[in-house]
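On the provided structure of chain A, position chain B as indicated by the hints.
Number of protein chains: 2
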Amino acid sequence: MNRTKIKALLARTAPLEKVLIKGWVRTRRDTKEFSFLEINDGSCLASIQVIVDAGSPGSEHLPDLSTGAAVAVTGEMVPSPGKGQAFEIRSHALEFVGGSGGDAYPLQKKRHSDEFLRTIAHLRARTNKYGAIMRIRSRTSHLIHRFFEEEGFFLIHTPVITGSDCEGAGEMFRITTVKGTTPASEDFFGKETNLTVSGQLSAEMMALALGDVYTFGPTFRAENSHTSRHAAEFWMLEPEMAFCDLAGNMDVAEALIKYVVKGVLETCSEDITLFAKFVDKTLMATLTSLRDDTYERLPYKEAVEILQNAKKKFEYPVSFGIDLQSEHERYLAEEHFKKPVFVYNYPKGIKPFYMRVNDDNETVAAMDLLVPRIGELVGGSQREEREDVLRKRMADMNLPEEEYWWYLDSRRFGSVPHSGFGLGFERLLMLLTGITNIRDVIAFPRTPGSIDF
Amino acid sequence: MNRTKIKALLARTAPLEKVLIKGWVRTRRDTKEFSFLEINDGSCLASIQVIVDAGSPGSEHLPDLSTGAAVAVTGEMVPSPGKGQAFEIRSHALEFVGGSGGDAYPLQKKRHSDEFLRTIAHLRARTNKYGAIMRIRSRTSHLIHRFFEEEGFFLIHTPVITGSDCEGAGEMFRITTVKGTTPASEDFFGKETNLTVSGQLSAEMMALALGDVYTFGPTFRAENSHTSRHAAEFWMLEPEMAFCDLAGNMDVAEALIKYVVKGVLETCSEDITLFAKFVDKTLMATLTSLRDDTYERLPYKEAVEILQNAKKKFEYPVSFGIDLQSEHERYLAEEHFKKPVFVYNYPKGIKPFYMRVNDDNETVAAMDLLVPRIGELVGGSQREEREDVLRKRMADMNLPEEEYWWYLDSRRFGSVPHSGFGLGFERLLMLLTGITNIRDVIAFPRTPGSIDF
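So the protein sequences, as listed, match chains A and B. FYI, the numbering for the first sequence is 1 to 453, going by the UniProt record's numbering. FYI, the numbering for the second sequence is 1 to 453, going by the UniProt record's numbering.
Next comes chain A alone, as it looks inside the complex (with noise of 0.2 Å):
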């Protein structure tokens, strides 16, 4: 017979004759009578109790399983006696699948820390709160692809290896076939080649072909960093709309994030429950405020002008022309507005070449949107898509423009207003469970020094 998940099960109202379950063993009590086996198999949360009478088929292999064994059950699932669920599985034939070394293995039944499991990451997912916040991750990825999709935008795979090593969003990493100092013109590519910081530049030449696209991929910077927030290899997500402006692609950051919050609300409330309850106690008024507030929006003159004038002490000073810090920017989204906050028309001189000069020729078209205990989790902005423009901020930054041949061929041929921005797959992921540290939800993080599996 075939096999039914835990899930299926659980979301049952009516019992079942007969049932076949596989899974791992969360713990396993023992009587004179019948033994308890709580069961797992990954697609839930919550195990199954299951009870097997001494002396049925299969019992025989009871005192090996323990925490962290496979088993096969098959059985009759019935309402339970006990607390805590509505119905249990008597078995009928208990198969044995595989050991668990006993007290070698090293997820026994207690709390471990974060810092013992990032040791074990290959392991850790078999945990409760490791276990939901890959599922919620995965749930948040499907919910992006269908908010796009709904919205009319194609999906881009926008290139790793780049060979560009100015894409200016942060150290990158070299990619290399040769050994020692041969020179990159003999290299792989015939060049020097590095990791992708962004995938925005390519993304606009295919937004200027089909109007709405985004990508969803991997990201990289080599910054020496050893802060929880910041890891080597990380998922970006960058949505560019043709004929958009900023004020459009405002829109487009709220109208999403607000899709993913009530999506992973109604489907992922379990896993959800968990961070709530044992992770971060404002979980749930963050997620509503996100979900139901409408994000404030105010330019970045206003919002010098309310950090300057607040009673709060910050370590870094404010004045117009500085790039904001976490501190500011949480200071905003936590403390002023309690809710999101988007802050636009940056001065210049802090950001990239390819943000659209405003008319006062002072701030660009630039916004972020900065969330509580994150900060920043949106940067976007429309781009300049005027090409004298774009050549002067060019030359003004030193950027070679035979470098950016291509991406100019874009303003010369068919150009029209258009806007993006990238998000922090995994700041999303911290804001929607309450993890603080990026190593946490991530499968296996690359940080310094750090690449055990």
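Calculated from the structure, these hints are not laboratory results. Ideal Cβ placement from N, Cα and C applies to all residues, glycine included. One or more of the hints may lead you astray.
[What the hints assert, rightly or not] Listed next, the in silico BS3-like pairs over lysine-lysine satisfying Cα-Cα at most 25 Å (straight line): (1) Lys-338(B) <-> Lys-281(B); (2) Lys-258(A) <-> Lys-5(B); (3) Lys-179(B) <-> Lys-191(A).
[Stated by the list, open to error] Just a few of them, taken from the derived set where beta-carbon distance is under 8 Å, the chain B residues facing chain A: (4) Thr-158; (5) Ile-161; (6) Gly-180; (7) Ser-202; (8) Trp-406; (9) Leu-408.
Below, chain B alone, put in the same frame as chain A:
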């Protein structure tokens, strides 16, 4: 007023009093009294016809509206008296958005060679053919995600940067942040790191926690290969299922491909028709077979016998123990069975260490799916779940156990039978469109010596 996309307009069955479209001019034809513009916005293959009366608002821009120029048109959608379209738009106001440099625009209305279009990959998605392939690529990605979500799989993002140098699937790119002869111990991760050739081993860890998972992301090969079937960077889909044997593995692969082909035929029919008409006359027959036929399943041994008895003369002679060549694979699928064929139970000697050894101790529980025109589309196996057999295989193949301590852990703790496969996403796209060069199904392809964008 809000812009309407052309795809939505063309889906209408009734006229519209007022509409705003934005897009790019494909062609312009002038008479004394009015001009015809074909406008495309990338949302679909078809363009919409716009009639601009001489002297109407914005008509002074008409001379600038050569192929590739960007416009916005407000007007009325009315039944078209002309052939080839049900509706057309009579312009009330024409806005000139961006010029296209007249004759300088590389995509004049004529047929361009694929070779030429590869040199302008940043513009080629503006042509019918490359726009269509990009839309099909997007839709196929979405269908893959939908299939696995409906089937209860979790999406896992396995890392691109790996510390392993022997994942077994091919030559690797090295990643570094240091120059010249600096030792790897002083590099970013403290050891030599590479770009992944497969997410399988990581995905196995997740399947053994969550049940059914899949990865879908970029993978890399540093082979200096100049064929039409190989790229240095490509996307790979890798599902991995706990409690699943080789037959179940083939079931998943067959169900997936049928789901995707059915979905593409239903929702991309306009774009697919373009390829069936101009690229591959046999395309519809191939796709119908992929969707409707029951795929053949036969052991490698029988496949070898069929090939040995074939009247066809092969370049590579066939005997038990050889790796099947593309000519053999295509013969089986195209000529002998005339439908997709799973070949399974391959000789142990030509397959990687992680494949499960069969009771004959001569073959492993591997399977390849062979399809017409492409040859191998899917390669998978049941994995070796028995710790002692796995260790012996690794020793026989001189693989260092200390590099795989975490992989071996999964066989020590709650090991279960499990299976999975890899599907080259670009090969699937070539199958779906009849395109024969991998460079033409990737937005910005990466091949040896070629990284212009």
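Now the hints, each set against the structure:
1. Lys-338(B) <-> Lys-281(B): Distance of about 16 Å is within 25 Å: holds.
2. Lys-258(A) <-> Lys-5(B): 24 Å, holds
3. Lys-179(B) <-> Lys-191(A): Answer holds: Lys-179(B) to Lys-191(A) is near 15 Å, not above 25 Å.
4. Thr-158: 7 Å, holds
5. Ile-161: 5 Å, holds
6. Gly-180: This hint holds: Gly-180(B) lies near chain A, its Cβ roughly 5 Å from the closest one there, short of 8 Å.
7. Ser-202: Given a least distance of 6 Å, the restraint on Ser-202(B) holds.
8. Trp-406: 4 Å, holds
9. Leu-408: Constraint on Leu-408(B) not satisfied, violated at 10 Å.
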